[in-house]
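**Student:** Heads up: the protein sequence lines correspond to chains Y and D, in order. Each number in my numbering comes from the position in the first sequence (counting from 1) with 420 added on. Each number in my numbering comes from the position in the second sequence (counting from 1) with 420 added on.
I should point out that these hints are in silico values taken from the structure, not numbers from a laboratory. Check each hint, because a few of them may be wrong.
Any copy will do: because identical chains look the same in the list, a pair fits if it lies in one copy or spans two.
Taking lysine to any residue and the SDA-like style, the derived pairs with C-alpha atoms no more than 25 angstroms apart in a straight line are [claimed, not checked]:
| id | residue 1 | residue 2 |
| --- | --- | --- |
| 1 | K463 | M421 |
| 2 | K463 | G631 |
| 3 | K540 | V559 |
| 4 | K443 | E611 |
| 5 | K462 | Y562 |
| 6 | K540 | T602 |
| 7 | K462 | E523 |
| 8 | K554 | E628 |
| 9 | K462 | P568 |
| 10 | K443 | L507 |
| 11 | K540 | P604 |
| 12 | K423 | G608 |
| 13 | K462 | E515 |
| 14 | K462 | A601 |
All of these numbers come straight from a predicted model, not from anything done at the bench.
2 protein chains.
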Amino acid sequence: MIKVYGVHGSPFVRKVFIALDIKGAPYEIVRQMPFSGDEEYKKINPLAKVPSITDGDLTIADSKVICRYIENAYPEPALYPAHAADLARADWYEEMGGTYVTELATGIFFQRFMRPFAFKQDPDEELVSKIIDKQLPPVLDYLEEQIPSNGFIFGDFMLADLSIVSPFINASYANYHVDSATWPCVAGLIERVKAVPQVAAVLKKEAEAMGFGK
Amino acid sequence: MIKVYGVHGSPFVRKVFIALDIKGAPYEIVRQMPFSGDEEYKKINPLAKVPSITDGDLTIADSKVICRYIENAYPEPALYPAHAADLARADWYEEMGGTYVTELATGIFFQRFMRPFAFKQDPDEELVSKIIDKQLPPVLDYLEEQIPSNGFIFGDFMLADLSIVSPFINASYANYHVDSATWPCVAGLIERVKAVPQVAAVLKKEAEAMGFGK
Numbered sequence: 421m422i423k424v425y426g427v428h429g430s431p432f433v434r435k436v437f438i439a440l441d442i443k444g445a446p447y448e449i450v451r452q453m454p455f456s457g458d459e460e461y462k463k464i465n466p467l468a469k470v471p472s473i474t475d476g477d478l479t480i481a482d483s484k485v486i487c488r489y490i491e492n493a494y495p496e497p498a499l500y501p502a503h504a505a506d507l508a509r510a511d512w513y514e515e516m517g518g519t520y521v522t523e524l525a526t527g528i529f530f531q532r533f534m535r536p537f538a539f540k541q542d543p544d545e546e547l548v549s550k551i552i553d554k555q556l557p558p559v560l561d562y563l564e565e566q567i568p569s570n571g572f573i574f575g576d577f578m579l580a581d582l583s584i585v586s587p588f589i590n591a592s593y594a595n596y597h598v599d600s601a602t603w604p605c606v607a608g609l610i611e612r613v614k615a616v617p618q619v620a621a622v623l624k625k626e627a628e629a630m631g632f633g634k
Numbered sequence: 421m422i423k424v425y426g427v428h429g430s431p432f433v434r435k436v437f438i439a440l441d442i443k444g445a446p447y448e449i450v451r452q453m454p455f456s457g458d459e460e461y462k463k464i465n466p467l468a469k470v471p472s473i474t475d476g477d478l479t480i481a482d483s484k485v486i487c488r489y490i491e492n493a494y495p496e497p498a499l500y501p502a503h504a505a506d507l508a509r510a511d512w513y514e515e516m517g518g519t520y521v522t523e524l525a526t527g528i529f530f531q532r533f534m535r536p537f538a539f540k541q542d543p544d545e546e547l548v549s550k551i552i553d554k555q556l557p558p559v560l561d562y563l564e565e566q567i568p569s570n571g572f573i574f575g576d577f578m579l580a581d582l583s584i585v586s587p588f589i590n591a592s593y594a595n596y597h598v599d600s601a602t603w604p605c606v607a608g609l610i611e612r613v614k615a616v617p618q619v620a621a622v623l624k625k626e627a628e629a630m631g632f633g634k
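Only chain Y is shown next, with the shape it has when bound in the complex (with noise of 0.2 angstroms):
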């Protein structure tokens, strides 16, 4: 069976558990904090990172890694799309949204979540205020252009959508949202993947876990 190495919260890991949610498949968590010095670990992921599995004698890690062998592993339903050109663009939005996008949103969630709850510090304010309002607007207008007003990008809910949108479900915790009036296709996208009840499920699971469930 495999085993997912990783915890709630992460917007990587959260894609894999989704992915097997959705394919169906089996898999046991096995609770790990990323760069947590664990040197066990570090045999497994020698960059410290999650998520990583094992299937068998398996071992990968990185999120992009994982949900392409969940893939091949169990075809059916398709989380990414068939023909050559839109994979290579699934391929390149699910990297975009897993570098840059990521980076930008993790460090709003990081500032404004993670400070004040995690380490008892202040947000540095100023550095969440360059993201909002200088480096994500370009991102956000690329996106808007890539991104349909209504339905996911290939037709059906992929990996692609998850990942453009898994880290600003990051930056919703620390409370910020894509403004609907700017960029209606890019916070329409939000909501309809918040709404595949397999994302809805693991989104409830990790508010738990990160204490401010309902």
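Based on these hints, arrange chain D on the given structure of chain Y.
**Tutor:** For chain D alone, kept in the frame of chain Y given last:
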């Protein structure tokens, strides 16, 4: 025809040139420096990184995304293994090679090559020593266990081999060479990859482009 935006010398752009050359796919190079502040280029890649490609209506970026697209568009010869578990390992090596390994190796390259030659500054040798003495050894120990003592990781030469080796090529420009006594499998793989004819040809072109061609 595919247009590749980038410059010779980037460990990521190198992967795309070599993949296209091995596939025998025609392409045109559009010289593009990363992070140049070029607003037109940001319409192609809002992250302003290289490489990006266009192929007809398709515009994508990131060497992993591009190489996966090239593999689908030009399946022969295969540059990714066919079996799901092997493919997942290959993806993980490509991810790791392109993130942490590149960060460390290009750290050496930036300090010892770019700072003196491009910026007329002294290298930060303390930072270089930290990379060489503390940060790289555990990564090299990990890779040493993954790499065979002969041949390539999955038998034939594939993008996984190139992704691990590519950052060390940049480090070698800054006179860092993986110690073949301590890490014989890694050092051997670097030499074997550099001897692949299409790799050797691209390295020759980049040496000329970077001004140290023979």
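**Student:** Which of the listed hints are not met by the structure?
**Tutor:** 2, 3, 6, 8, 11 and 12
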